Amino acid sequence: MAPRTLFDKIWDQHRVRELADGVALLAIDRVFLHERTGSVALKGLAAAGRAVLDPARVFCTMDHIVDTFPGRGDATRMAGGESFILETRAAARAAGIRVFDVRDPQQGIVHVISPELGLALPGATIVCPDSHTCTQGALGALAWGIGSTEAEHALATGTLRVKRPRQLRIIVDGRLAAGVTAKDLALFVLARHGVAGGDGCVVEYAGAAVRALDMEARMTLCNMATEFSAMTGLIAPDEVTYDYLRGRPYAPQGTGWDAAVASWRGLAGDADAVFDREIRIDAAEVTPMVTWGTSPQHAVGVDAAVPAVGASGAAPEAHARALRYMGLEAGQPLASLPVTAAFIGSCTNSRLSDLRRAAAILRGHRVAPGVRAICVPGSMTVKRAAEAEGLDKVFTDAGFEWRESGCSMCFFAGGESFGPRERVVSSTNRNFESRQGPETRTHIASPETVAASALAGHIADPRRIVRSAVQAGEG
Amino acid sequence: MEPLRELTAVAAPLLRDNVDTDAIIPSREMKTVSKTGLADGLFAGWRYLAIGGREPDPAFVLNQSAYAGARILLGGVNFGCGSSREHAVWALHEYGIRAVIAPSFAPIFAANCIRNGLAPVRLPGEAVAALAAHVVVAPQSRPLTVDVVHSEVRAAVAGAAGSGAADTLRYPFVLDAESRDMLLEGLDAIDLTLKHRADIDAFLAADRAARPWIHLGRTSQEPNP
Ligand code: SF4
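Going down the list, the protein sequences come from chains P and R. Heads up: the first sequence begins at 1 in my numbering, then just goes up one per residue. Heads up: the second sequence begins at 1 in my numbering, then just goes up one per residue.
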C-alpha cells in the first residue's frame, strides 16, 4: 500500500463509500452542538420530520450566549438570548441528546469540554457547527467546523459528504524559547503566510517544536487553523495524547483502553507519506506576538512597531482601514500602547495550563488603574481545578473578575462588551471589526502577554515580567 | 432548495480581502433561533451609519442605486472567513444574492453556499478585477451571467465603436461535480445520502467491532461504565 498520512488513514477508516469526483461519504463519530448554531440544526431536523440517527454520539453544550456572571441562570445579557437556551434545551432533550446545561458541573466551551471529557479521541471524526472545532485535531482527530445544514445531515445520517481536501504539513523545527507559547506560534504562522494561507487544506502540524508541546498547547495551536482558512489542523497522537486522555470520563477504560491505544499507535503518518504542500518554520524565530489590526494575520512581535502600509503583506487599502479602525498610526511601538481592558478566556486559551501561566505573572500584583480585567475559565471543570489550587484568588487579588465558564466576551452576542473604541488585549482568536463589541479594538496575544499588559496598563512583553519575577525570587 | 442553473443579474463589487462572516452578519443581528429574518442584518456594520441603526450609509456599495437589485457579489480573497455561522449565507440569500465571485473562499462558507443554492464561483484575482472594472462603468446595463451548467461567467462587451458587433468576456470556473449537481438540481443532500442507508448500516456494524470505544451506549446520558 502506498505510504499514507495521518489524515489519509483517518479518511480511509471512515469512508462509507465513494460518491462523485473525489467526494466520499464519511462516517462521523461525534457531533457537537451549541445553543448558538446547533439550535437551528435541531429545529430544522425536527421540522423536516427527521430523527437523530444515534443520539448517544451527539452532545450539546450551552456556551456561546450563556451568562458568565456568578449565580447565573437561563437569563442572558443579550436581549432574547434566553430563547436560544430554552429552545436548544427542549430540542436536545426531545432528540435524546446529552446536554451540558447551564448548571451542569461539566458545562463549558465545546472545544474545551470535548477533549477534557474524553469525547474527542485520536482517529475520530468530529464535527460541530462551529469553526473552531479544529481545536480538537490536537488529539489526532479529524475535527472540523460545518454549517447548520451540514449538521442536520450529520445528525440524520451519521455521515457527511466530504470533498477530499489537499494536505499541507507545517513542520516547526527546534524549540520555542521560554515565554514563547503555542499562541505566539499560531500568530507567527498567520503573520508569515496570511489568513488565506491554508486555502482549504488539512494541516498537519509536525516537527520537534510541536512534539514538545503539551496537550493543551497543541489545542491552542490547532485552534487557529480556521484562522488560516484551513479545513482543519491536526497533530499525530503520541504518549502526550494518551497520558492526557487516560481516565477521562468518556475515554475507553480497562481492556478497552489498551485496545484503543494499540489501534491509535498505528495512526501516525508513514515516514515517506507525501503532502501537497509543506511549510517549514524555525521555532527560534518565534517571539511573543500581538496583533495590531483587524485580521489575525496583522500580527507582529510584541517589541515591534505598527507596520507601515505595504510592510504587512496586506493590501494598502485594507491596511489603512485596519489602522483607522484600531486608532493607530504606522510606526507606533506596540509595547507602550495603553489598554483599558484585558480578557483571558476562549477556546484558544482558557484551559488550566493557560490560567496557571497567567497567574504566575499576576501573583502578588495588581492590574493597572483604569484597566478592566476579566478571566473566564473554559469549563466548569477548569474552574474547579483552578480554584482547588487557589488560582481564583490570584486573579481576584490582582483585580480580575473571575467568571463562570463560557465564550463570554470572545465575541459580542448582543449583551456584554468592553465598549466602543476601548482597547482590549485578549487571549482570544479573532480581532475582526466589532468582534468583541461594536467598535471595540482587540489585540490578540497569549495569556502571558494579556496578564503582563493588564499589570502594566499597556501592551507589554511578558518575558520582562517573567525575568524580573525570577530575579526578585532569587535576590 | 431552488435550483440554480443560469443567473444574469447586476453584480456589486465588494473587493475587500478576508471579508469575514461577522461582517456579513454580525452576531448581534442573529436575534432568534431562525434561518430567516436576517436580510436586514446583512453587512450591518458597513451598511448602516450607526451600529444598531438602520440609516443607510450611502458609501456602501449595496446602498447605491446603481447596484439596485444586485444578485451577484464580486469579492476578495478568502471570502467568508471566520465563524461557521450559516446565517451569513442565509442573510445573503434572503437579501437576494445568488452567487459570489471571488479569488478564494473560506471552506465552511463555500460548503454552506452549496447547501443553500448560492454559487461560490472561484476565479483568479485578475478575472475578478476585470469583471469589476467592466461592471462599475454602468452596473445596471452591464449585468453578469453566472452559468452553472457550462461552468462559466460571462459579460457582454460592446464591440469596437461603430462596428456594432458585441463580444463576450468569458471566464470558465471549476466546481466539483457534487457541488455542481447540488446547485443544478436543487437536491436535498440528506435524501441523496439516505439512499445509501444500507452502506451506512454495514459500515456501522463493522465499525462497532473494530472501534468499540467510538460507539457509546445507546442510553449514554452517562459516561462509559
Ligand atoms: S470561545 Fe470564542 S471562538 Fe471559541 S467557540 Fe466560543 S465564541 Fe467561538
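Where hints are given, some of them may not hold.
Unchecked claim - Derived, one-sided and incomplete: chain R residues facing chain P with beta-carbon distance under 7 Å: (1) Val33; (2) Thr36; (3) Ile51; (4) Arg54; (5) Phe173; (6) Ala177; (7) Leu184; (8) Glu185; (9) Leu187.
Simulated from the structure, these hints should not be mistaken for laboratory data. Predicted model only: the values in this text are computed from it and were never measured. Every residue, glycine too, gets a C-beta built ideally from N, C-alpha and C.
Going by Cβ atoms only, is Ala177 of chain R closer than 7 Å to chain P?
holds, 4 Å
Hint status (Cβ of Phe173 of chain R to nearest Cβ of chain P, threshold 7 Å):
Violated. Min distance 15 Å.
Does Ile51 of chain R pass the interface check with chain P, least Cβ-Cβ distance below 7 Å?
For Ile51 of chain R, the interface hint holds, since the closest Cβ of chain P sits about 4 Å away, which is under 7 Å.
Restraint satisfaction for Leu184 of chain R [CB to CB of chain P, less than 7 Å]:
violated, 13 Å
Taking the closest Cβ pair, is Val33 of chain R under 7 Å from chain P?
holds, 5 Å
Closest C-beta approach of Glu185 of chain R to chain P relative to 7 Å, hint status:
Violated: closest Cβ of chain P sits about 12 Å from Glu185 of chain R, beyond 7 Å.
Once the shortest beta carbon distance from Thr36 of chain R to chain P is found, is it less than 7 Å?
Since chain P brings no Cβ nearer than about 11 Å to Thr36 of chain R, farther than 7 Å, the hint is violated.
Given hint Arg54 of chain R near chain P, where the shortest CB pair must fall under 7 Å
violated, 15 Å
Take the shortest C-beta to C-beta distance between Leu187 of chain R and chain P; is it under 7 Å?
violated, 11 Å
Against the hints set out earlier in the document, violations occur for numbers 2, 4, 5, 7, 8, 9.
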